[in-house]
Amino acid sequence: MSDGDSDVALKLLHTADWHLGMRFTNFAEEHQLTLMRARMDVLDNIFGAAESGDVDAVLCAGDLFDDPSPEEAWWRGLLEKLTARDWSNRPVFLLPGNHDPLTDKSLWHPDHPFRRDLPPGVHVVDRDDFTAPLGTDAVLYASPCRTRAGQTGLWRQLPTREEGDTRIRVGMIHGQTMDIEGFQNTFPIPAHAAEDRGLDYLAIGDTHAFREVPPGARYPIVYPSAPEPTKFGETDAGYVALVFFPRGGRRPLIRQQRVGRWRWIERTVRSLDELRSLASEPDLGQRVLRLRVELDASVSEYEAVEQLLRTLGGTEATHGRVGVLQVDRTGLRLRADDLEQAFAELPDELMQVVHRLREQADGEDAEAAKRALYHLYRVVREAR
Amino acid sequence: MKLRSVEVRDFGAIESASVEFGDGLNVLYGPNDLGKSTLAAAIRAALLLQHGSSAARPYVPWGSPRKPSVELSFELEGRLWRVSKAFGSSSGGKSVLEWSNDGSTFTTQEEGRGVDGKLRELLGWGLAAPGGRGGTHGFPKSFLATVLLGEQALPYRVFEQSLDDDPEDSGKARLVEALQALAADPLYQHVLEAAQARVDEAFTAKGKRSTRKGSPFERVAIDIRQRREASEGLAQQLSDSDAVVSRLAELAARRDQRMAARAEVLERHEALLEAVELQRQRALLQAEVDEAETALREIERNRDEMDRLRAASSEARAQVPICESAVETAAQELRDAHARRDRAEAASKTLRAGGDEQGDLEQQQLASRTRELEAARAEVDRERQSLQRWRAADEAMGAAAEALERARSTAASHEQERDRAQRAATDAETRHAELQDAQRWAELESLRERRAQWQRARSQAEERRARAEVQRQEAEALELSTTQRGLPDTEACAALREVWDELRLSKAALGGGLTMTLAMPASTVPRVGVDGAAWESVGADAVVDAQAELAVEFPDLGRLTVVAGDPAARRRAESALSRWRAEGEPVLQGLELDSLDALEKAVAERDEARARVAELRREARALDDGAPDPSPDEGAALDRSIAGIETSLADVDSGRLAELVAQHTDGLSSLCTDAEAEVRAQQRSSEAARSAWTAAHTEVRVATERHLGAVRDERAARIREEVPLATVAEELQARDRALGAELDQVRAELAIAGQRHAQRLAAAEETEQAAAAAVSKAQSAETEARSSLARAHQAVTSATAQLEVRREQAQHHDPLAVAERVARAQDALRQHPAPAVAVDEEQQQASHGQLQQATVELEEAETAVRQQEGALQHVGGQVVRERAQMAREALDEAHRRESEVALDYDGWRLLLQTLRTVENETGAHLGRALGSTVATRFAELSAGRYQGAALGADLETEGVVTPQGVQRLDRFSEGVKEQLATLMRVSVAEQLGTMLLLDDHLAQTDPQRAQWFRHQLQHSAEQIQIVVLTCRPDDYLVDGSSGAVHAIDLAKSVQRR
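Chains as they are written, first to last, in our numbering: chain A, 1 to 384; chain B, 10001 to 11057.
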């Protein structure tokens, strides 16, 4: 426990939902790799924050792997990062979640090389009544997920406060606080769980946004969020919680600290100017951008759009400005109204081709005809 | 098509010949009259001539009965074909066409007349089918047959033919197919090639989407397949999971139903049990009421009995003295009687002996009265004792009242103390809250300062970005200005400089100086051109000087041009000029520059601008790479924190908080901790005061109860109701005093009676008898009185004993408590209303049975739910749902990509189709296509003198293109015509990718151009097979010939007859 700061009795770093090894199959292969590696890279920020914050312990509240038996690269990578630091005076507690539950075949099993090779100070919550001291005046109670399907009453496995017990009591489980509409509550945790069990702080994981449940509670239940988002819509992800327990049994102070690099955003552009404006935005290299282009463009505008999209997304030879770009062009339509100007001074034969395609652009095969016009425009433009 | 071998027997002048052909250039050489053209004719005959054709007659050996025969092997469309023909009349000739895939085993394809039909179909040269148009007599004709197998005698017959003359369209179709890409405008061709390349990437020859490795559709198909498999696998898992969930939901619903049913049963059962319990409780309460009432009644009865016994006792006690008195009286009377009798006897004696019986009697009466008074005084003494008990009870009541008053006073004191402690705790809490607010205020101030720092950092970052953007815009503008002019790069500029220097030097090398002296008739006015300058008319005797070129034009006669320098230097100069015109002038004209120096200056300026652009971009990147932007999240988090604290402090006096913070800059936290400790201490004090007050209040209640008991005791001890104790005491004292006075008076009277004794002696004796009788009577009365006294004593003893028993019982009775118990029990009984329906044992058992049944059913349902929950663990649950959703999105994304790819390539295909359609409709101008190739080569061959052949749409030759326009063929020499014809034939063969047979095709060509042709043919032979028959092998076989040239000495292969 820290001695330097007389007002603070205990400092913790609370993190969860690393989802190491998670695959992003709806992205291109190179981007899949980028996003998978990002989940491993962010661990350096998390562990660095633990060191720079001089916390007394690191609580990792479940779903650290996306699967209970991940590929070796992922658990080996985590093992290397854990082994590279000294945890003997700053214990780390790893909690199996519903994605990586504690089973006989999981990497949490004592015979698994990951578990065997964990450095001193790194502990796996492998008992329903897991208890560990956090110094002399604080204690951690935790209980692991043992299945993917669902477990009720996990929180009840944390013991209640006995009369006369004045220690700081911290709980750690994985599950849902049942207050988010649309989320399945397969591992339910009621909002009064911390107070009910006499816990000064209940560290949980599962949903990927930073939240206190209920907000401002005397006995808070906290989701620290996933340190890197896993999908679009996870707007409040990318954090860990730094928790400061003041002396005198007062409510802990919770600080939301950013550790993630990537931000996942969805944008729709409806004009060329909007697209240009987007292309000039800063920090695009740290964005996972799902871009929907809804635009009726002339051939020249279409070419400009494609050029900007190449600038944003890169090509086989160049990196794009956006870190990871996913473009939905279904709303990008070609107008055939400025062809005269675009194809001025073409040879007669090619103008005949243009006229024929333009006629088809109003017919049954309109989209292919417009695309053909665009191809023709580009080839001619490049040839000149 | 490639020739592989030919075997000839008895064909014209050839007795036998055997030649193996190689790829590339085959040079078959031999002296004149060896049979080279006969060999070429044999090849043509094998491919074109029907074995029974009369056109084969010239090849029948002189004076020999043998039939000319040829066996030709060739590769076509991936197969090795062998055609064997023996020419002769219908009875002797024969034809066989065979094919082989391995070169050793042949299969017959056709025999006899079918051979030529099949051959012409295979060749696709526009030859008529045997018997069709084009004639069956002699060699069939077509444009391609002429081009590819042209005869030696008329190498340029190709000019006399066109595809339009072909009897069949296959030749044109092949050429159209082969040349179409060349038939259009270069830009059109470029577009066509681009479209074709993209279509070839994605579609098969039949127009279907290509699934070969590397094709875009294959890539997206693999992607979709993989994603679909993953999605379907997960969907299956999800389906399994959903099935289990569905089953689980059913089971859960069933469990819920059973739970509800059990709850209903349980509710009924509990209602029943409640009713039973109510009944039981009511019975207990009723029993309690009864018992309490019985106890109360018993107490009352005991009290009544005690009262009765006390009364009886009192009465008996009262009777005792009465009886005693009566006994005494009787005894007294007996004694009196005895006495009177004795006195009478004595009086009699006395009297008789001198005594006074009358006096004695009076004395006895007075003595009796004395005793009565003494008894009355004893009663007064008893009453005085009762009065003393009353006084004691009264004093006890007073003491209890005082104790009650003291307890009330103490309770009031504790109440005040409690209120004071509570106020102190409230004050401490207020102080603590104020300090907490001050802490939050200090935190708010800190956050505001951090927010301001964050805002400053953000402004600085925005300023850097703006500066970087300005740098970039400046760079872009500068770059745009450098690229807009389209200046060539530095290397290209240097290359132009080399061309220009070459032109300058080559021209300088020509400068030898020319002088022309004219001596003409005066009527003749020639015009001269000097060194390429404009024509000028000169006089008939003029002398004209020039550096390199002089030309003179004589009206109606013609023009004479003289050029200085040797031919090689001229060609070099022409070549340099040509290169300059082709490479340099268009650049300067395009840039509207008048010199190469100006171009070089512009390029140098452009390079400087590019360096500046790079510098600006480096600076912009340096600005971009400056200190990182403060995180918007941090700002938002600060705003949220500030807003949160501001909201919490909205109703607080901020001035007061600021003052507190200022006063306690460093010790606020410890003050807050102290205040919190003070709160807890005051709360403890308040709690203690509350406890003390509660204890005092309890003491008041106890004192009150004691006071009430004392009051009851005082009331019980009262001798008389409604009369004060002092009054009673005074009355007793008065009575005592009255009795004393009376007793004194009786005693005085007794003394007087003695005086009268003597007077009565006389009567004594009389009285003695009466006294004896009275004694007897008194004895009876005394006996009776003693009996009465004994009964009275018995009654007193009995009543006292019973009263003692009752008193003993009464000591264990608490009538108030019992009364309260009765009241409580009655109250409880009132609060427990009787159940609406009475429940009997049978109903209880039935209900219990129903509950057990419902419980068993519920446990069964719960077991089923748990089993299904166990099954759900094996199929994934929420994790699989999330992954399935992701897999579906991935598949949708792949489908979107497929649609995009499909649309993209559909666009390319449609573009290609449209290009083809337009091309076909506007006419497949094969002449234009082939013409460009021919023109390039012809211009090169002629050093620019000729610019190609003017070819029609069907490759009909219209003339030769010269700088002066298209010139008719007949205006050119045989050499030029055979050279042009050869170029055309080579070009056509190249386009078709087929072999070309050249039989002494450059007989009229000078060695210099023959050398050019050698290079050209070697170059072309890299693509196609060319068979050259020549008597001048040196034209082709020189040192340095490439390995692709196969030299075949026909002198060794041909046996001439």
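Derived by calculation from the structure, the hints in this document are not laboratory data. A couple of the hints might just be wrong.
Between beta-carbon pairs, the in silico distance windows are [stated by the list, open to error]:
id, chain 1, residue 1, chain 2, residue 2, range
1, A, Gly233, B, Leu10187, 47 to 55 Å
2, A, Ala304, B, Ala10604, 56 to 64 Å
3, B, Leu10187, A, Leu33, 21 to 29 Å
4, B, Glu10862, A, Thr330, 48 to 56 Å
5, B, Ser10246, A, Thr330, 29 to 37 Å
6, A, Leu33, B, Lys10213, 39 to 47 Å
7, B, Pro10628, A, Arg270, 26 to 34 Å
8, B, Ala10611, A, Arg270, 54 to 62 Å
9, B, Gly10103, A, Ala304, 28 to 36 Å
10, B, Ala10604, A, Gly233, 36 to 44 Å
11, B, Lys10213, A, Arg270, 53 to 61 Å
12, B, Gly10214, A, Gly233, 32 to 40 Å
We put the beta carbon where it would ideally sit given N, CA and C, even for glycine.
Hint check:
Between A/Gly233 and B/Leu10187 the Cβ separation comes to about 49 Å, which falls inside the hinted range of 47 to 55 Å. Between A/Ala304 and B/Ala10604 the beta carbon distance is about 32 Å. The supplied range of 56 to 64 Å is therefore violated. In this structure, B/Leu10187 and A/Leu33 break the distance hint of 21 to 29 Å, their C-beta atoms being roughly 42 Å apart. Here the CB-CB span from B/Glu10862 to A/Thr330 is close to 50 Å, well matched to the stated 48 to 56 Å.
Look at B/Ser10246 against A/Thr330: about 34 Å separates their beta carbons, and that is inside 29 to 37 Å. Taking 39 to 47 Å as the suggested C-beta distance range, the pair A/Leu33 and B/Lys10213 does not conform, at roughly 23 Å. Between B/Pro10628 and A/Arg270 the Cβ separation comes to about 31 Å, which falls inside the hinted range of 26 to 34 Å. Taken as a hint, the range 54 to 62 Å is violated for the pair B/Ala10611 and A/Arg270, whose Cβ atoms sit roughly 40 Å apart.
For B/Gly10103 and A/Ala304, the Cβ-Cβ distance of about 59 Å falls outside the hinted range of 28 to 36 Å, so the restraint is violated. In this structure, B/Ala10604 and A/Gly233 break the distance hint of 36 to 44 Å, their C-beta atoms being roughly 56 Å apart. Look at B/Lys10213 against A/Arg270: about 40 Å separates their beta carbons, and that is not inside 53 to 61 Å. For the pair B/Gly10214 and A/Gly233, the supplied restraint of 32 to 40 Å holds, since their beta-carbon distance comes to about 36 Å.
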